[in-house]
Structures are given as structure tokens and as C-alpha cells.
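Colleague: Listed here are the chains, written in short residue letters.
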Amino acid sequence: MNAMIEINDLYVRYGKVNAVNGMSLSIQVGEVFGLLGPNGAGKTSTLACIQGLVRPNGGTVRVAGHDVSREGMAVKALLGVQLQKTALFEELNASELVELFAAIYNVPMSKADVAALLAHFGLSQKATARPTQLSGGQQQRLALALAVVNNPQVVLLDEPGTGLDPQARRGVWTLIRRMQSEGRTVVLTTHSMEEAQELCDRVGIVDGGKLIALDTPQALIARHAPPLPPAEAARRQPNLEDVFLALTGHGLGGTHASQDDESAWLAAVA
Amino acid sequence: MRRFLVLTRSMFLMNLRDRSTLFWGFAFPIGLILLYGAIWGGATMGGVSAITWLMIGVVVLNIMASGMIGDSTWFASARDKGQLQRLHATPLPPLQLIGSYVLVRVLIGLIQAALICTVAMLVYGATMSLSGLALGFGLAVLGLVVFIILGQAVGAAAPSVRSAMAVGQVIYFPLMFLSNLFLPLEALPGWLANVSQWTPATMLVDLLRTALIPQMVATQAAWVNLLGLGLYGLLGLLVAVRFFRWSPR
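Heads up: the sequence lines are chains A and B, in that order. Okay, so the first sequence: first residue is 1 according to this note's numbering, each after it adds one. Okay, so the second sequence: first residue is 1 according to this note's numbering, each after it adds one.
Next comes chain A alone, as it looks inside the complex:
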């Protein structure tokens, strides 16, 4: 396989804090790759370096052969991005936002193209709705629609499931799998082991700015998960949280779900 993203000996410092501490990894074309770790582990800083939003203090990041530090604009044109905060302009409606981002990427889009993209993300009924009129799950789906408006080779998603209720989160996962089936490389950060296990072909476990393990979820579990006590083993299988606990000595932390009715859209997608 060919590498789509190559990170080599990456360092990011904010004042005296080392957010990323000598990270190296290679992400292959067409895979869904997850950076898993608790808040403050260095996941978002790593993603920000790939996006060209943060200039590293050391090391290099290359996307499709382009050096992010030297060819920032060329790299940005290849990427689709969803930030941790959905950060949508509240005064524009969904269609207008798609038109704006399409124009920013110099992608010609007719009204029919805009409508088709929104329908693809289950938002055809919300074309004239402003972000504040959308539920959390719908806002996240709009953010994902904007992330692929330029038909990117690589999609970077910063905690796409955070803050969503289980149904909305599953809706977002469906869209992420669809992105992969369309041939895109997807890199996501998460502190949800369930999300990483469900979606990712490979997972990089990050703690204290360092990559402490890297493999498929199954291989990581097989190699690092400690045997469960008999009573617990009767109830569940070992998972990535057990791996993380075994490797770092502390847990991943929880996610905060909000109430959001996504059942109708999920049924349609299914």
C-alpha cells in the first residue's frame, strides 16, 4: 500500500507543554485511521499539523507527497476537514454554506449539485435551515458535507462523534464508512474506544503526545488486553479501553451524549 500521510518525528509545543512529543506514523491510502487517546493526549495537535493549522516545532508532515509546511495551500486543497467545534456561520443556511465552501475550493456547483450533496447527508429537508435550527447530529452531518464539498482524497475528522447521542453517532459512523467506500482516506481522532473499534482499520493509541501502540483494533486487543476476570469475561469481550488501561495505567475518560432524535434519518439510511 502507498502512504497518503507521513508524519516523521513530529514535535508541537505550546509554551512549556509538549503537546506532541516525537510522533512518527504512516497512514495508508483508503484506510480509516483513528488516533485514540484521552483529552490532551496530542490528537488534535497532530491533526492540526496535518491540516496546516499549527506549525510544528520539529519534524515533518507530508500529505500525498506534499510537505505541509512548504506547500500548505496545495495540501489544504486536497483535504476535507471537520473541526472539533462545528464552527458554522449562523447567518447562512445549509445550502448557502455548501455554496460558500464550494466556491472557496473553486468547485463549480449548481443548485442541483448542492441539493444532491445535502440529500447524500440526509439534509434535503434542511436546505434552508440555519445551523442554529439544526440538531446536534444534523449540524455534524452538515459539517461532514462541507468536509467533502471539494471531493477530497483525505478527510480529517476531529472527534466526529463527540457530543452526539448514540443514534446520531451511528448516523455519523455510517457516513464515515461511506466516505471510505468512495475511496477516501479518513483520519479521525476520538476518545471513544467504541468509535475507534467500529470504524478504524488501524488505530494509533496516543498518550502524553506519544504514539504508544499502533495496529488494527483486533491485533491491539489480542496483544495488549489483559485477561478479564471470569465474572467480567462472561459478560463482555476485551476492548480497546482495556488495551489503553493496560498500556497507560489510566482510562480514556467519558463522552457526553446529548439528546437528539435521529431515528427517522437513520431508518432512511439503513
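Source of the hints: derived by calculation from the structure; they are not laboratory data. No residue lacks a Cβ here, since even glycine has one placed at the ideal position from N, Cα and C. Honestly, I wouldn't trust all of these hints.
What the hints assert, rightly or not - Calculated cross-link-like contacts (lysine-lysine; reagent style DSSO-like; alpha-carbon spacing at most 27 Å):
(1) A/K210 x A/K111
(2) A/K85 x B/K81
(3) B/K81 x A/K16
(4) A/K85 x A/K16
(5) A/K16 x A/K210
To be verified - Residues of chain A clear of chain B, computed beta-carbon distances all greater than 10 Å:
(6) V29
(7) K111
(8) P166
(9) D215
Given the coordinates of chain A, work out where chain B should sit on it, guided by the hints.
Modeller: Using the frame of chain A, we list chain B on its own:
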């Protein structure tokens, strides 16, 4: 070019749909000119009808409010909400973003100025020299650009949108009374009038009044006012560039 046009149209829509822009940029100055007209409609100030004198003052007041209140908070708010960072993650050249923003704010400022003058002229009979319109237009654009830059300097240097709003208001409210806009400089104590003639709003209103009202005598030479506005703009630009951030602290 299409990118710039769509971005500019989107910015224009965002401004027109923003309630605070609609209130402070349109309803408030129109209400102010109607109120001033009702109080001083028949009086004279500085040898001209008071409403004509006040009309230019309200136009400059609006330009100043647009910069110190509106512009100081727009970028700071977009930065704090993560919207600027979202744009930074795209291949949008920063100069296009700034150019589009300035163009929209100047256009809206000119529309507001035209509305204020139209209401003052139609309702209270204010007058202005048609031969000075082209010069007045150019000076209004200059004033708008200078105050947009000053607003950006405040917004960039402030750590949050709340502090940007507070700093903008701390600058705006004293200048409102001290800049010869609706309170003549002669009404101020001598030392305060001497200080006041160096504020950017005093310089702009002095230039605009002498351009649009032929009988008006300038309080200081036009080149001094132009140089002063240019220096304020340059200083604001240096501060804005020095402290600009795409993301919140």
C-alpha cells in the same frame, strides 16, 4: 474571481441578517437623525442649518460605531467560535478574506450614510453641495477603511469577543461626545477642544463637512486631517497584523 464574489455575497448576507448590524447600523442612526431633527430642526450651527451640520455628524458617528463596535467584535467573535479556524483550514487566501470583508463593510457603511442623508434631507430639509459629492464619497470610503482597521486592531489585540466589545465601547463613547459630531468643539473646555481636534472622528467630520457644506470653515488644514487619518490607519494596521490570530487563545 468566483470565489471572491461568492464570499463577498455570503459576507453581505451575514451582515444583513445580523440583528445588531440592522439595529445599530440602520435603525439607531436613522432614529438619531429623526430625534435631532425634531429638537434642532430649525436652529443653526456654525453658520449653517443645524440639521445639515448634524447630518454629517451622524454619518461619521455611524462610521465610527461600525468600526469600533461592529468591526472590533466580528472577527473576534468568528475567531472565538472557531469559524476563522475553519476558513484557515481551507485554501482560501487570507487577502481574499480580508478584501471581501472590507468591501462588504465599506458598502454597508456607504448605504447607511446614504440613508441617513436621505432621511435628513427629505424630512428636515438638510442640504449638501452636489459638487462636493464625489470628494465626500472618497472621504467616506477613507474614513470607513480607517475605522474598519482600528476596529480590527481592537478585535485582534483583545483576548476575547467580550473584551473586544468592552474596549471598543470605551473608545467609542468618549469619542462620540468629543469629536465635534453633534456637540460643537466650542462647547468644550479649551484644553479638551485642543485634544479633541486630534481624534480620528474629528478629523473625518471636519473633512466631510467642508467637502459637502460650502459655507463651512475647516477647524484645521485638510492635509493635517488626511495625514492624521492615514497615521491612525497605519498604526491600527500594525496592531491588527501583530496580534491577529486564527484561533482563540
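Colleague: Holds or violated: is the Cβ of A/V29 farther than 10 Å from all Cβ atoms of chain B?
Modeller: Given that every Cβ of chain B is farther than 10 Å from that of A/V29, nearest at about 21 Å, it holds.
Colleague: Run the C-beta distances from A/P166 to all of chain B and say if the shortest one exceeds 10 Å.
Modeller: A/P166 is indeed farther than 10 Å from all Cβ atoms of chain B, at 25 Å.
Colleague: Going by Cβ atoms, does A/D215 stay more than 10 Å from chain B at every point?
Modeller: holds, 29 Å
Colleague: Is A/K85 within 27 Å of B/K81, Cα to Cα?
Modeller: holds, 8 Å
Colleague: Next pair to validate is A/K16 with A/K210; report whether the Cα-Cα distance is within 27 Å.
Modeller: With Cα atoms ~16 Å apart, A/K16 and A/K210 stay inside 27 Å; holds.
Colleague: Could you check that no beta carbon of chain B comes within 10 Å of the beta carbon of A/K111?
Modeller: holds, 13 Å
Colleague: For the pair we were handed, B/K81 and A/K16, check the Cα-Cα distance against 27 Å.
Modeller: Roughly 26 Å separates the two Cα atoms, so the pair holds.
Colleague: Can the restraint linking A/K85 and A/K16 be considered satisfied, given a maximum Cα separation of 27 Å?
Modeller: holds, 25 Å
Colleague: For the pair supplied as a hint, A/K210 and A/K111, confirm whether the alpha-carbon distance does not exceed 27 Å.
Modeller: violated, 46 Å
Against the hints set out earlier in the document, a violation occurs for number 1 only.
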